[in-house]
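Asks: Each chain is listed here by its residues.
2 protein chains.
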Amino acid sequence: MKSIIKQEIVYEGIFIKVRHDTVRVKNCEYVREIIESNTGVLIAAIDNRNRIVLVKQNRHNHGDVYEVPAGAIKENESPRQAAKRELLEETGIKAQKWRLISTHHNGVHNEGLNYFFLARDLSTAKNSPDQDEQISGLKFFRFDQINGLIDQELIPDLRNRACIWKAQLEIN
Amino acid sequence: MKSIIKQEIVYEGIFIKVRHDTVRVKNCEYVREIIESNTGVLIAAIDNRNRIVLVKQNRHNHGDVYEVPAGAIKENESPRQAAKRELLEETGIKAQKWRLISTHHNGVHNEGLNYFFLARDLSTAKNSPDQDEQISGLKFFRFDQINGLIDQELIPDLRNRACIWKAQLEIN
Numbered sequence: 008m009k010s011i012i013k014q015e016i017v018y019e020g021i022f023i024k025v026r027h028d029t030v031r032v033k034n035c036e037y038v039r040e041i042i043e044s045n046t047g048v049l050i051a052a053i054d055n056r057n058r059i060v061l062v063k064q065n066r067h068n069h070g071d072v073y074e075v076p077a078g079a080i081k082e083n084e085s086p087r088q089a090a091k092r093e094l095l096e097e098t099g100i101k102a103q104k105w106r107l108i109s110t111h112h113n114g115v116h117n118e119g120l121n122y123f124f125l126a127r128d129l130s131t132a133k134n135s136p137d138q139d140e141q142i143s144g145l146k147f148f149r150f151d152q153i154n155g156l157i158d159q160e161l162i163p164d165l166r167n168r169a170c171i172w173k174a175q176l177e178i179n
Numbered sequence: 008m009k010s011i012i013k014q015e016i017v018y019e020g021i022f023i024k025v026r027h028d029t030v031r032v033k034n035c036e037y038v039r040e041i042i043e044s045n046t047g048v049l050i051a052a053i054d055n056r057n058r059i060v061l062v063k064q065n066r067h068n069h070g071d072v073y074e075v076p077a078g079a080i081k082e083n084e085s086p087r088q089a090a091k092r093e094l095l096e097e098t099g100i101k102a103q104k105w106r107l108i109s110t111h112h113n114g115v116h117n118e119g120l121n122y123f124f125l126a127r128d129l130s131t132a133k134n135s136p137d138q139d140e141q142i143s144g145l146k147f148f149r150f151d152q153i154n155g156l157i158d159q160e161l162i163p164d165l166r167n168r169a170c171i172w173k174a175q176l177e178i179n
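The listed protein sequences correspond, in order, to chains H and L. The opening residue of the first sequence carries number 8 in my numbering; numbering runs sequentially from there. The opening residue of the second sequence carries number 8 in my numbering; numbering runs sequentially from there.
A few of these clues could be false.
FRET-style restraints, in silico, Cβ to Cβ [stated by the list, open to error]:
{"id": "1", "chain 1": "H", "residue 1": "THR110", "chain 2": "L", "residue 2": "THR131", "range": "32 to 38 Å"}
{"id": "2", "chain 1": "L", "residue 1": "ARG149", "chain 2": "H", "residue 2": "HIS67", "range": "37 to 43 Å"}
{"id": "3", "chain 1": "L", "residue 1": "GLU118", "chain 2": "H", "residue 2": "GLN88", "range": "39 to 45 Å"}
{"id": "4", "chain 1": "H", "residue 1": "ASN65", "chain 2": "L", "residue 2": "ARG58", "range": "37 to 43 Å"}
{"id": "5", "chain 1": "L", "residue 1": "ALA79", "chain 2": "H", "residue 2": "GLY20", "range": "20 to 26 Å"}
{"id": "6", "chain 1": "H", "residue 1": "ASN154", "chain 2": "L", "residue 2": "ARG58", "range": "35 to 41 Å"}
Derived by calculation from the structure, the hints in this document are not laboratory data. Using N, Cα and C, we set each Cβ at its ideal position, and we do this for glycine too.
Given these sequences and hints, build the entire structure.
Replies: Structure below.
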């Protein structure tokens, strides 16, 4: 019989909180460390030539990288609404077809749901607010180009790779 | 011109540390939050019927789940040595063919490399030390069964899903 006898936020930061759960099983007590992250969406937007939309970003600890459009889910927003908003804001692109392809935690010690969406039937939205600034870093890649980007360390993180891999499996 | 003017460990926990980097760009200073994790390996072990080996685990915050064999890299151990050790310890299985299929960070704000290996030509090792205890939770799944496990919330985390998806792409 397992019971949680204490839950304590031991770190509260910019993107994450860390929680310590003290758990009792029979006469034994132990502590479990849980990372609480914001809920977020990542979008695999695939055009009619089966190319995926990636956006150039500069990350403090990884330098220039390519990422799928992504962002946090705002209050009163569904994951799908957040995905539509983020794709439009970051790329100026709208999609007619949307499908949720994964709902997950980022790790076994993580809480906070993340969502991958597959977006198809793409078109460029006119007059999208952030279009001018963002379009510069926008690029379409074929799936057979992804391993090359990975080899050049331009997609260093697993979340972006996983979203691309899952999308590739879905459209194969 | 960007320079890091301070790096400070603000949380030191069980699995992770959190570091704050204070960065100066021109006359502006800002703080970046980095999660430092242990280096680790995950193994996609595929048998000659193209089934993947998963191990049942109980995770504090997710209950009973299936995971690929995995673990931390010990000091003086290469990622490949760690992968061979973990597969044997958790499943009693040895593999003749090993291939590194991904080297990555778990997220854009993470440091600490993780490695996915594809292991093929499997055989059961005799007298493996942890065999009796571990074999009980061991199971082989076809790739077309994975979405079913995900729908039942038995693979809740992205790292395990991503290792399975990448292996599936590699053997297709």
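Asks: Compare the structure with each hint and give your call.
Replies: Evaluation of the provided hints:
{"no.": "1", "hint": "H:THR110 / L:THR131: 32 to 38 Å", "in the structure": "holds (35 Å)"}
{"no.": "2", "hint": "L:ARG149 / H:HIS67: 37 to 43 Å", "in the structure": "holds (42 Å)"}
{"no.": "3", "hint": "L:GLU118 / H:GLN88: 39 to 45 Å", "in the structure": "violated (32 Å)"}
{"no.": "4", "hint": "H:ASN65 / L:ARG58: 37 to 43 Å", "in the structure": "holds (42 Å)"}
{"no.": "5", "hint": "L:ALA79 / H:GLY20: 20 to 26 Å", "in the structure": "holds (23 Å)"}
{"no.": "6", "hint": "H:ASN154 / L:ARG58: 35 to 41 Å", "in the structure": "violated (25 Å)"}
In this structure, the hints that do not hold are numbers 3, 6, in rising order.
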